[in-house]
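Participant: Sequence:
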Amino acid sequence: MSIDEFRIQLPDDLLDDLRARLTATRFVQPVGSSPWEGGAGGPVLHELVESWLAFDWRAQEERLNAYDQYLADVGGHRIHFVRVPAAGSAETRIPLLLLHGWPSAYTEYLPLAERLANPAGSGSDARIAFDVIVPSLPGFVFSELPDRPLTRQAIADDLHELMTTVLGYDRYAAFGGDIGGGAATWLGAEHADRLIGVQLIHAPFPADDEPQSDDERAYLASVDAYDAADGGYSEIMATRPDTIAAALGDSPAGLLAWIADKWHDWVDGDLDSVVPRDALLTIATLYWATGSIGTSFRQYFDYEANPPRPPIVAPLGVLLSREPVMDGFPRSLAERAADDLRSFEVAPRGGHFLGLEQPDLAADRIRSFFASIS
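Using our numbering, the letters of the sequence shown map in sequence onto residues 1 to 374.
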């Protein structure tokens, strides 16, 4: 079981090639008559590409390398992670996994990790601090894709091995959404004896999600309507991931458009108002440099390999994000998915990338939840 220190150092020729490709972008006539109507095209994409050309990657690289980063052998493949250790002399220290989703990367959670690890520095209650582990999920940026179906259950097993066998924690907690949140539900279901608790921004479905009330029927109908109107991205990634990856892996402008389209749709508010542009461009650069946009699709392609998940046994908290697919999620569905639902609330603000959009709010809710169950 090996673990090695890691630093990011993108080659100059890779960055030069990226700039050349961006400069040579062939912009197409947009379908929509207004910005974002048909996706991230036209003037929207032109402005994003110009931002990427002016983006100072080396400054971001230096910032990222200020964190302790590692590569560990887990489940037969290498997993990249950042550790932000608890600072100060807090009475309670909780090991905590922060688990990103798609289309994102570990960098999404670094501002939140700092607030959780150093509560005094962020003006929070200094009696509880977190020893924060922020992994890159398998197939994302610096983490290898395993040679097996990439199910939520398999990701959870890898994360559990990382936290217990590799890092030696006796018990730990998990927070996340999207893919990472799905893996966290499996941690809470199959590794509950080592879990302090799980907190999610995307509420879990029970294995049997047949609606049992008018609220549940109305919500599930709204999900079907959303998928019909805006779910094309997931259909192509689930059925023809190699085809779309061939295009996005050869065109950085296309890659940025694919990512930015979902960020625009899923944040709570105006994208540029709630997410620093550099945060989006950092993630796009990491996807491009590691060639991992295609491997990030793998969990969509392997989705049908996911077995039915048992009930979540570990204490569960839900901090529901404000985004279309979570709008109106009934508490009753979460209650049927978990044996021990401790809290359920709609976040006052913050969408799919809540930890980045609203790091102070997220840190406060995480600290409150885990303090209440520790």
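No lab work stands behind these hints: they were computed from the structure. Predicted model, so just to flag it, every value in this text is computed and none were measured. Each residue gets a CB set at the ideal place from its N, CA and C atoms; glycine is no exception. A few of these clues could be false.
The calculated SDA-like cross-link candidates involving lysine to any residue, where the alpha carbons are at most 25 Å apart (straight line), are [as the list claims (entries may be wrong)]:
no.	residue 1	residue 2
1	K262	I244
2	K262	S89
3	K262	A221
4	K262	P310
5	K262	D73
6	K262	F6
7	K262	S34
8	K262	A238
Okay, the calculated beta carbon distance ranges per label pair [what the hints assert, rightly or not]:
no.	residue 1	residue 2	range
9	P85	R194	28 to 36 Å
10	D17	T92	22 to 30 Å
11	T23	P310	47 to 55 Å
12	E210	E37	32 to 40 Å
13	D12	I236	14 to 22 Å
14	P276	E37	34 to 42 Å
15	Q212	R63	31 to 39 Å
Participant: Hint by hint, say whether it matches the structure.
Facilitator: Comparing the hints with the structure gives:
For the suggested pair K262 and I244, the alpha carbons sit about 15 Å apart, so the restraint of at most 25 Å is met. For the proposed pair K262 and S89, the alpha carbon gap of about 40 Å is over 25 Å, so the pair is violated. A distance of roughly 21 Å separates the Cα atoms of K262 and A221; the hinted pair therefore holds under the 25 Å criterion. For the proposed pair K262 and P310, the alpha carbon gap of about 30 Å is over 25 Å, so the pair is violated.
A distance of roughly 32 Å separates the Cα atoms of K262 and D73; the hinted pair therefore is violated under the 25 Å criterion. With a CA separation close to 30 Å, the supplied pair K262 and F6 exceeds the 25 Å bound. Annotation: proposed proximity of K262 to S34 holds, straight-line Cα distance about 17 Å (limit 25 Å). A threshold of 25 Å between alpha carbons decides the hint, and for K262 with A238 the separation of about 16 Å falls inside it, so the pair holds.
Judged by the Cβ atoms, the range 28 to 36 Å given for P85 and R194 is violated: they are separated by roughly 20 Å. About 48 Å separates the C-beta atoms of D17 and T92, a value inconsistent with the hinted range of 22 to 30 Å. The beta-carbon spacing between T23 and P310, approximately 52 Å, falls within the hinted interval of 47 to 55 Å. Under the hint 32 to 40 Å, the C-beta atoms of E210 and E37, about 36 Å apart, fit the expected range.
Between D12 and I236 the CB atoms are about 34 Å apart, so this pair departs from the stated range of 14 to 22 Å. For P276 paired with E37, a C-beta distance near 25 Å fails the hint of 34 to 42 Å. About 48 Å separates the C-beta atoms of Q212 and R63, a value inconsistent with the hinted range of 31 to 39 Å.
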